[in-house]
Amino acid sequence: MTGKGNVKINVWINEERLDALRKAGLDRLAKEEFAGMMLLEVTCTEEQKDKLLEQYPTAKYDSSTTHSIELLPREVKDKIFETSLQLRSTGPEVIENMLSRGGGK
Amino acid sequence: MTSYVGHNGKTIVDRVEADGREGRLGGMLTIPVRREIAHEIISLSYGFFTPLEGFMNREQVESTLNEMELPDGTLWSIPIVFDLAPEKISEYGLRSGDEVLLEYDGSPIARFSMDDIFDYNTDEMSEKTYGTKDLKHPGVKRTHSYQGKFIGGKVTLVNEPKFNPPYDRFWMTPKQHIDAFRKKKWKHIVAHQTRNVPHTGHEALMKQAWFAANEDMPVDQIRTGILVNAIIGEKRVGDYIDESILLTQDALRQYGYFREDVHMVTFTLWDMRYAGPREAIFHAILRTNLGCTHHMFGRDHAGVGNFYRPYDAQDLLKQYREKLSIKPVFLMENWYCPECAEVTNASVCGHEKKAQNFSGTLLRSILTDGVKPTKKVMRPEVFDVVMKSASDYGVGSPFVTEKYLASRRPIFNLRKMEVQKA
Ligand SMILES: [Zn+2]
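Quick mapping for you: the protein sequence lines, in order, are chains A and B.
Position 54, counted from 1, in the first sequence is what the working numbering calls 54; the numbers after and before it change by one each time, with no gaps.
Position 67, counted from 1, in the second sequence is what the working numbering calls 67; the numbers after and before it change by one each time, with no gaps.
Just chain A, same shape as in the assembly:
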């Protein structure tokens, strides 16, 4: 499974994370957002979104404006970033891999 999902998860990238992205050759995917803080957009499918929302009830999906999942627990966001580095990808396989390993738990 490669390519892009419809649902976005934004991961904050600081200098430290940008270094790690550089090593994985993914740094060009991070976009400057504010005063040196960057965002990495990881995407997932509708089905994966539903699974994430079910597992993490505090999270919310913004269906009207940003089409992104917000308020995922910090540990889950960390895990998404690590998995993205490992797989050198920002596509749905990141969430697929994470969910198959029992989510962010």
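The set of hints was computed from the structure by calculation and includes no laboratory data.
All C-beta atoms, glycine included, are put in the ideal place defined by N, C-alpha and C.
Any given hint could turn out to be false.
Listed below are several chain A residues computed to face chain B (Cβ distance under 10 Å; list not exhaustive) [as the list claims (entries may be wrong)]:
#1 N10
#2 W12
#3 I13
#4 E15
#5 E16
#6 R17
#7 E32
#8 F34
#9 A35
#10 M37
#11 E70
#12 L71
#13 R74
#14 K77
#15 F81
Derived pair list, reagent style BS3-like, types lysine-lysine, alpha-carbon separation capped at 25 Å [said to hold, decoys possible]:
#16 K372/B / K60/A
#17 K128/B / K235/B
#18 K372/B / K79/A
#19 K187/B / K207/B
#20 K79/A / K4/A
#21 K207/B / K376/B
#22 K421/B / K162/B
#23 K354/B / K376/B
#24 K60/A / K235/B
#25 K187/B / K10/B
#26 K375/B / K354/B
#27 K31/A / K353/B
#28 K60/A / K136/B
#29 K31/A / K376/B
#30 K372/B / K8/A
#31 K154/B / K421/B
#32 K79/A / K31/A
#33 K23/A / K372/B
#34 K31/A / K4/A
#35 K79/A / K388/B
#36 K372/B / K31/A
#37 K141/B / K88/B
#38 K354/B / K31/A
#39 K23/A / K376/B
#40 K323/B / K187/B
Put chain B with the ligand on the given structure of chain A with help from the hints.
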């Protein structure tokens, strides 16, 4: 004798009875009060609201709302009222002229000499204070939750609060503020109102305000200080937790972003009314009573939602400039400019189109993810302190959650007293 002068040249109110006089309280009728009222009793008694000596009577409320002044002509903008349900008033058999003992959290807190029991239309109170009757406004909502009747009268604190860590390090009465400024030999003191963990935009505002407040005083000997005075009181889910605000503001000085001799952090017990322009006037009065000579007002001071325009508060302050006993320092917002490569002010940077605005939502999102921001956004030590305070006091989050509200440690405790009940 040392003099303590506050708003409109009035002597700082001090209605605090020394310990060990509880014998005198025996046999008084006791009425329990809620947190909001308890906080205002404390603020009134120590003189934060000078010249008010107690809760407002009808005449004071009327002139505040209609004339923006107390009956003697002193500038005043926000009603400070004690409310009680009519059934309670009959149940207790309260009459004007009675003195009762107010109790909070199971301990006596103050004597209350009631001199006026009155009705007031809360729609009118809302509209005149907040410029709206919309219940979505948190101040309007608060006004509408008042319990039907109001009681005016002087209060006298009979039990001084003992503040718990970390609040104890930051608590000072108005007189203690004035004493502290004298000891530091500060001639000009500029107040910075805050409910925030400071990002670099806030820090730059405070620095800009320092230069404005120093005016024509020499700089070889520093005689100007910044008082960061946090508002501690009612919290809404999503606000920064009080502990994070105080500890991070203090960290700016501890880690050298402000010199030891120009910066100090304290707090005032006050529930934000989000009254925008009228609240700005109130903040000016409050900080005059702490001994400040200047007060910083930025964009959308004490506003909420879209109820006020960004510079409404500054406009009202200009209108009442003559009646203020403190000089307002007006500032526009700071932004990050990639061209200037710095945090700079909208009043001076000419790259408006490229400016990146600080936003609460953005900072919240960064801190929720716990990703250390770049130095241009937030000082690394401030980030470390905010994360530590989140785990020490905020059940893991620097933002107020239902869980924090249910389990937070009290800000202060009152001494248990053995008082013979009526
Ligand atoms: Zn610029």
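Verification of the hints:
no. : hint            : verdict
1   : N10             : holds, 8 Å
2   : W12             : holds, 4 Å
3   : I13             : holds, 8 Å
4   : E15             : holds, 6 Å
5   : E16             : holds, 7 Å
6   : R17             : holds, 7 Å
7   : E32             : holds, 8 Å
8   : F34             : holds, 5 Å
9   : A35             : holds, 4 Å
10  : M37             : holds, 6 Å
11  : E70             : holds, 8 Å
12  : L71             : holds, 7 Å
13  : R74             : holds, 5 Å
14  : K77             : holds, 5 Å
15  : F81             : holds, 9 Å
16  : K372/B / K60/A  : holds, 23 Å
17  : K128/B / K235/B : holds, 24 Å
18  : K372/B / K79/A  : holds, 16 Å
19  : K187/B / K207/B : holds, 17 Å
20  : K79/A / K4/A    : holds, 19 Å
21  : K207/B / K376/B : holds, 15 Å
22  : K421/B / K162/B : holds, 24 Å
23  : K354/B / K376/B : holds, 16 Å
24  : K60/A / K235/B  : holds, 23 Å
25  : K187/B / K10/B  : holds, 19 Å
26  : K375/B / K354/B : holds, 19 Å
27  : K31/A / K353/B  : holds, 18 Å
28  : K60/A / K136/B  : holds, 23 Å
29  : K31/A / K376/B  : holds, 17 Å
30  : K372/B / K8/A   : holds, 22 Å
31  : K154/B / K421/B : holds, 22 Å
32  : K79/A / K31/A   : holds, 20 Å
33  : K23/A / K372/B  : holds, 20 Å
34  : K31/A / K4/A    : holds, 17 Å
35  : K79/A / K388/B  : holds, 21 Å
36  : K372/B / K31/A  : holds, 17 Å
37  : K141/B / K88/B  : holds, 22 Å
38  : K354/B / K31/A  : holds, 16 Å
39  : K23/A / K376/B  : holds, 24 Å
40  : K323/B / K187/B : holds, 21 Å
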